[in-house]
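J.: Sequence:
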Amino acid sequence: MIKKILWTSIFALIAGILQSTVLSHLALYRAVPDIALGIIVYSAYVNGSMTGQLAGFSSGILLDFLSAAPLGLNALIRTLIGALAGLLKGAFFLDFFFLPMILCAAATLLKAIILFLLHLLFSGGIPAYPLASPVLWVELAMNVISAPLLFALLKRFKNLLIKGAAADVK
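Its first residue numbered 0, the sequence shown is counted upward by one per residue in numbering that gives the first Met the number 0.
Careful, some of the hints might be misleading.
[Claimed, not checked] Capping the alpha-carbon separation at 30 Å, the derived lysine-lysine pairs in DSSO-like fashion look like this:
{"hint": "1", "residue 1": "K2", "residue 2": "K154"}
{"hint": "2", "residue 1": "K2", "residue 2": "K162"}
{"hint": "3", "residue 1": "K88", "residue 2": "K2"}
{"hint": "4", "residue 1": "K88", "residue 2": "K162"}
{"hint": "5", "residue 1": "K2", "residue 2": "K157"}
{"hint": "6", "residue 1": "K157", "residue 2": "K88"}
{"hint": "7", "residue 1": "K154", "residue 2": "K88"}
In case anyone wonders, no lab produced these hints; they're calculated from the structure.
Only a predicted model underlies this, so the values are computations on that prediction, with no experimental measurement involved.
Make a model of the complete structure from these sequences and hints.
T.: As structure tokens, this is what we get:
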């Protein structure tokens, strides 16, 4: 299990670096796809809630060091999303197209809701997505469009990301 968490965190860190360097130059309305979130959702969905929580926390802490957000913000958000995505393990057949889109859309919306609640709780100290601006909706669309490609790519690394008998799943 530790190997899966470590590799998920490494992939999420690489994705975070790509998001903040290469993809930030291709941003539309200052929104970039959250590939690191998709990696955590994939790992949590195929490995379960415990792996999702631990991978979400460890990759979130690593991403916190890359961002200007308060330390622990990404860790909290990604831990919660990893735990919830992990609860869905085995609930659905891992379709190559629609399920990744639905999972990543739900994760992106959950991230926005958590940020909004933290924004209210800390009197504006935490930045939230403004619902009237297109940033959230563009990021949501980018995450949904990139999800099938991301899940297909991650499936190529199933020996690194999927534990035990789940590695035999096609």
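J.: Are the hints correct? Go through all of them and say.
T.: To see whether the hints hold, each was checked on the structure:
Between K2 and K154 the alpha-carbon distance is near 16 Å, which keeps this suggested pair within the 30 Å criterion. About 9 Å separates the Cα atoms of K2 and K162, which keeps this hinted pair within 30 Å; it holds. Restraint check for K88 and K2: satisfied, since their Cα atoms lie roughly 19 Å apart, inside the 30 Å limit. Between K88 and K162 the CA atoms are separated by roughly 12 Å; this keeps the pair inside 30 Å, and the hint holds.
With a C-alpha separation of about 12 Å, the suggested pair K2 and K157 falls inside the 30 Å cut-off, and the hint holds. For the proposed pair K157 and K88, the alpha carbon gap of about 15 Å is at most 30 Å, so the pair holds. Under the criterion of a C-alpha separation no larger than 30 Å, the hint pairing K154 with K88 is consistent with the structure, at around 15 Å.
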